[in-house]
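Please build the complete structure, drawing on both the sequences and the hints.
Residue numbers (the UniProt record's numbering), protein chains in the order written: chain D, 1 to 300; chain L, 1 to 317.
Calculated from the structure, these hints are not laboratory results.
Please read all numbers here as calculations on a predicted model, not as lab measurements.
For each residue, glycine too, the CB sits at the ideal point set by N, CA and C.
Any given hint could turn out to be false.
What the hints assert, rightly or not - Examples of chain L residues lying across from chain D (beta carbon under 8 Å, computed): (1) 29; (2) 143; (3) 145; (4) 150; (5) 152; (6) 259; (7) 270; (8) 271; (9) 272; (10) 274; (11) 293; (12) 295.
Given next are the chains, with one letter for each unit.
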Amino acid sequence: MEVAVEKRRELSDFRRDINRERRRLFVRRFFSNKLTVTGSVIILLTLLVTLLGPLLSSYTPYEMVVTSRLKAPSADHLFGTDNLGRDLFARVVYGARASMGVGLSVAIITSVLGMIIGLYSAYYKVLDHVLMRICDGLMAFPAILLAIALMAALGTKIDNVIIALAAVFTPYVARVVRSAALVVREQTYIEAMKAQGASSMRIIWGHIAPNTLSPLIVYSTFIFADAIIIEAGLSFLGVGVPAPDPSWGNILFDGKLVIFNAWWMTFFPGVAIILSVLGLNLFGDGLRDLLDPHTNHAKK
Amino acid sequence: MKSYILKRILSLIPVLLIVSIVVFMIIHLTPGDPAAVILGPEASHEDVKQLQEELGLNDPVYQQYFHWVEGVFQGNLGDSFFMDKPVTEAILEHLGPTISLAILSQITAILIALPLGIMAARKRGTATDQTFMGLSLLGISIPHFLFGLFLIIILAINLRWLPVAGYKPLSAGFWEHIKYLIMPAIALGTGQAALIARMTRSSMVETLNLNFIKTARSKGLHERKVIYKHTLRNAFIPILTVIGQTFGTLVAGAAVTETVFNIPGIGQLIINSVERRDYMVIQGTVLMVTLTYVLINLLVDLLYGVIDPRVRLKKES
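See below:
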């Protein structure tokens with residue numbers, strides 16, 4: 001009896017050591033990968049600006065000063081002012097909240113929904129047929145088109161942007177999770193668990209779900225980036241985040257009106273979009289290389 | 001092959017069913033009464049009642065759906081309230097610019113992507129490769145419409161090389177037609193080029209590592225022949241897939257770019273209809289564009305067999 005307890009303790013110590021070693025290795029590879037490091041630095045900076053927004057600017061994004069309309073960038077107005085005399089720096093910085101906020105919310109919501117849908121359709125064949133056909137149908141729409149159509153139906157509001165984009169992207173996430181889960185489901189240890197009488201709840205969430213996490217995390221980074229791009233597009237078209245709240249897309253919309261005499265209104269929000277999307281794409285690419293043994297192999 | 005084609009076409013039925021339901025629901029997802037929303041806040045109660053009657057909004061939803069689908073099969077997408085003409089007519093009027101732009105962007109994309117992708121694959125691991133791949137990542141990270149705005153500032157406003165925005169049909173002369181489409185085509189094309197170049201590179205790299213390439217080289221074939229005749233041909237399927245997909249997005253997703261350059265295409269039709277709450281047009285256009293998108297992807301799928309006999313044989317067995 002005592003021997004068995006001893007053995008079990010040894011085994012759990014061993015497992016803990018392996019996990020610790022794995023984590024250490026992952027952290028080391030994470031920091032030696034140029035893509036992930038550059039990507040995370042950019043994302044962290046963007047998030048920092050988003051959170052510290054109010055502290056960084058002495059102006060508010062709403063205050064209109066008619067006398068200082070369309071002023072070029074200067075020490076007083078770092079990014080210049082817009083067509084209504086509002087400080088552009090303040091608007092771009094506050095706009096980060098809308099743009100990054102929509103992106104992050106969409107990434108989180110689609111991950112949760114996509115995971116649930118993906119896992120259950122991988123586990124139950126009948127559900128699979130129904131859910132995957134629905135996903136195929138939704139994926140048949142070009143993403144931006146479905147987003148525009150949904151916004152037309154729901155009305156322009158920032159919450160609706162999130163709902164529309166979540167509806168657009170969830171099927172893609174569900175597909176990714178499902179294909180990862182299908183591989184795991186065929187493993188012998190799942191078979192063994194079923195034979196032991198483990199509940200499907202425990203198999204799905206305790207054993208299949210953790211194995212779908214790495215593709216899911218990589219994929220939701222790309223969703224985050226795509227959501228920022230589509231939100232910018234929607235707001236630029238006037239069917240996204242409504243004025244007067246700033247988002248990078250609707251600043252560009254205002255900027256288009258005065259594009260002949262105020263390049264800064266297009267340039268600064270534009271650079272903000274490019275930087276944040278680039279950061280996320282770099283991060284996602286790097287993370288995929290780290291987590292997916294196939295791409296590592298192909299690179300060699 | 002025949003059974004494969006049949007199977008592939010049959011698999012579209014559930015997809016189209018879902019697509020039609022989603023498109024149909026657009027008008028019903030609107031908070032409040034669709035008729036009242038369409039007519040605006042100033043409309044009288046009688047007008048709203050009459051429109052409800054006209055649209056059949058008082059029927060049960062499933063009946064409305066079947067009625068609508070029946071119309072679609074007969075080529076009737078309903079009438080536009082705002083333009084006072086059939087939706088199909090409005091779509092046909094806006095089709096030309098979108099197709100011109102899509103073709104021109106696709107040509108731009110392929111001209112940029114294939115040489116760069118091939119070069120990156122040949123020099124994989126070198127600084128050239130990394131530069132190209134960095135550029136392609138940047139290309140993916142810039143939204144098309146934003147790149148378009150940047151192009152306007154540089155090429156049209158500062159350098160005055162090209163018109164800022166607008167559109168001239170082909171009947172106004174070839175150069176006139178192209179002149180207005182150069183910037184939008186570059187804006188749309190470079191983003192697609194980034195995707196195609198990445199796929200070209202990775203597919204080429206994979207094929208270059210295969211044994212028959214080694215054989216081709218060791219029997220003394222000219223490097224150009226090895227690359228273009230042996231590697232590219234065998235690496236072409238995934239590249240073709242991406243080209244097909246990007247063409248689909250070009251036809252469909254150019255909405256924002258069309259707005260930037262004021263091109264009276266399908267995208268602008270949708271955006272204007274959203275502003276006017278012209279739901280019949282929104283439904284009809286979204287449906288038609290999505291159908292086109294689905295059909296292009298189907299065509300690309302079927303083309304594999306033509307291009308690559310291996311696929312044909314595998315699917316037959």
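Hints, one by one, checked against the model:
The interface hint given for residue 29/L holds, since its Cβ lies 4 Å from the closest Cβ of chain D, which is under the 8 Å cut-off. At its closest, the beta carbon of residue 143/L sits 5 Å from a beta carbon of chain D; the interface hint therefore holds under the 8 Å criterion. About 6 Å separates the beta-carbon of residue 145/L from the nearest beta-carbon of chain D, less than 8 Å, and the hint is met. The restraint placing residue 150/L at the interface with chain D holds, with a minimum CB-CB distance near 7 Å, inside the 8 Å limit.
The beta carbon of residue 152/L is positioned within 8 Å of a beta carbon in chain D (closest approach about 6 Å), and the interface hint is therefore held. For residue 259/L, the interface hint holds, since its Cβ comes within 8 Å of a Cβ in chain D; the closest pair sits about 6 Å apart. For residue 270/L, the suggested interface contact is upheld, since its CB lies about 6 Å from the closest CB of chain D, less than 8 Å. Hint status for residue 271/L relative to chain D: holds, with the closest Cβ pair at about 6 Å, below 8 Å.
Residue-level restraint check for residue 272/L is violated (minimum Cβ-Cβ distance to chain D is 10 Å; threshold 8 Å). Of the supplied interface hints, the one on residue 274/L holds, with its beta-carbon coming within about 4 Å of a beta-carbon of chain D, less than 8 Å. The interface hint given for residue 293/L holds, since its Cβ lies 6 Å from the closest Cβ of chain D, which is under the 8 Å cut-off. Nearest Cβ of chain D to the Cβ of residue 295/L: about 10 Å, over the 8 Å cut. The hint is violated.
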